[in-house]
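Could you build the full structure based on these sequences and the hints that come with them?
Each residue of the sequence shown is one higher than the one before, starting from 1 at the first, in the UniProt record's numbering.
In case anyone wonders, no lab produced these hints; they're calculated from the structure. Backbone N, C-alpha and C fix where the C-beta goes; we use that ideal spot for every residue, glycine too. Careful: at least some of the hints might be erroneous.
As the list claims (entries may be wrong) - Cβ-Cβ distance ranges computed for the label pairs, FRET-style:
| hint | residue 1 | residue 2 | range |
| --- | --- | --- | --- |
| 1 | F58 | E210 | 28 to 36 Å |
| 2 | G40 | K95 | 30 to 38 Å |
| 3 | D46 | P248 | 44 to 52 Å |
| 4 | E181 | Y89 | 18 to 26 Å |
| 5 | L169 | L57 | 34 to 42 Å |
| 6 | V16 | D214 | 17 to 25 Å |
| 7 | Q242 | K142 | 33 to 41 Å |
| 8 | K92 | Q27 | 37 to 45 Å |
| 9 | N227 | K37 | 26 to 34 Å |
| 10 | S34 | Y89 | 25 to 33 Å |
| 11 | E181 | E83 | 20 to 28 Å |
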Amino acid sequence: MQLDYEWFKKKIWEYVGINLSYYKEKQMKRRIESLMKKNGYETFADYYNALTKDQKLFNEFINYLTINVSEFYRNPQQWEILEKEIMPYILKRTKKPKIWSAACSTGEEPYSIVMLLTRFFPLSEIKILATDIDDDAIRKAKEGVYMKKSLEGLPQEFVRRFFKENGELYYISDEIKRCVEFKHHDLLKDPYPKDIDLIVCRNVLIYFTEEAKDMVYRNFNMSLVMNGILFVGSTEQIIMPQKYGLKPIKTFFYEKVMNI
1 MQLDYEWFKK KIWEYVGINL SYYKEKQMKR RIESLMKKNG YETFADYYNA LTKDQKLFNE
61 FINYLTINVS EFYRNPQQWE ILEKEIMPYI LKRTKKPKIW SAACSTGEEP YSIVMLLTRF
121 FPLSEIKILA TDIDDDAIRK AKEGVYMKKS LEGLPQEFVR RFFKENGELY YISDEIKRCV
181 EFKHHDLLKD PYPKDIDLIV CRNVLIYFTE EAKDMVYRNF NMSLVMNGIL FVGSTEQIIM
241 PQKYGLKPIK TFFYEKVMNI
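Written out as structure tokens, the structure reads:
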């Protein structure tokens with residue numbers, strides 16, 4: 001079965017350019033086997049052949065692979081630190097910060113950033129970049145339709161101001177959508193944007209191997225301006241951040257202090 005999985009990883013790399021070797025093997029293999037079982041496939045070879053012929057099956061695989069679990073203002077206390085301490089610190093250096101929401105999933109994170117920024121700027125002046133490897137997630141993000149549960153951590157003033165409610169569904173306003181530029185991006189192989197003041201990348205790197213994390217953190221360093229900030233997820237504190245030219249300034253927030 002292990003040789004079968006090695007073959008599958010090689011074929012996925014050739015077919016879609018996603019290197020499964022950069023993901024923690026035990027977790028990823030278990031996730032894929034669960035998906036295979038759900039769809040009635042017993043071998044990786046049979047499943048791969050089906051993926052290349054069935055677009056719906058392929059889309060499900062990519063969506064499952066990229067772990068699209070998100071919510072607005074996930075871990076609200078960290079967003080409070082972003083608003084009260086980190087953004088004022090960034091705005092001392094620049095009045096037009098460049099912000100990148102990396103691995104943005106279905107849009108909750110970049111839209112949360114935009115809403116937070118309305119406390120500093122008029123909407124007409126806000127523009128941020130949001131990227132993800134999953135085109136289906138990006139399509140959902142652009143639609144901007146969410147279940148009530150995903151808004152539980154969001155300040156009520158933002159819910160009232162920027163959403164229209166229809167039963168259990170909440171539709172985000174076009175004025176918020178216009179502030180986000182969504183693009184396809186693979187953290188493990190595509191070029192990174194430059195001169196970024198704030199990178200928000202949360203709850204993604206926990207699924208990567210140490211080798212992959214090392215590569216991503218180095219790329220984040222090169223992507224950030226000097227004294228730019230990296231905001232990571234609750235389970236992703238960086239071991240030896242100085243290795244990547246970073247210094248912790250608050251829990252889950254790291255400042256670039258050196259080029260590497």
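Do the hints match the structure? See the list:
| no. | hint | result |
| --- | --- | --- |
| 1 | F58 to E210: 28 to 36 Å | holds (29 Å) |
| 2 | G40 to K95: 30 to 38 Å | violated (57 Å) |
| 3 | D46 to P248: 44 to 52 Å | holds (47 Å) |
| 4 | E181 to Y89: 18 to 26 Å | holds (24 Å) |
| 5 | L169 to L57: 34 to 42 Å | violated (26 Å) |
| 6 | V16 to D214: 17 to 25 Å | holds (23 Å) |
| 7 | Q242 to K142: 33 to 41 Å | holds (39 Å) |
| 8 | K92 to Q27: 37 to 45 Å | holds (41 Å) |
| 9 | N227 to K37: 26 to 34 Å | violated (49 Å) |
| 10 | S34 to Y89: 25 to 33 Å | violated (43 Å) |
| 11 | E181 to E83: 20 to 28 Å | holds (22 Å) |
Hints 2, 5, 9, 10, counting from the list given before, are not met by this structure.
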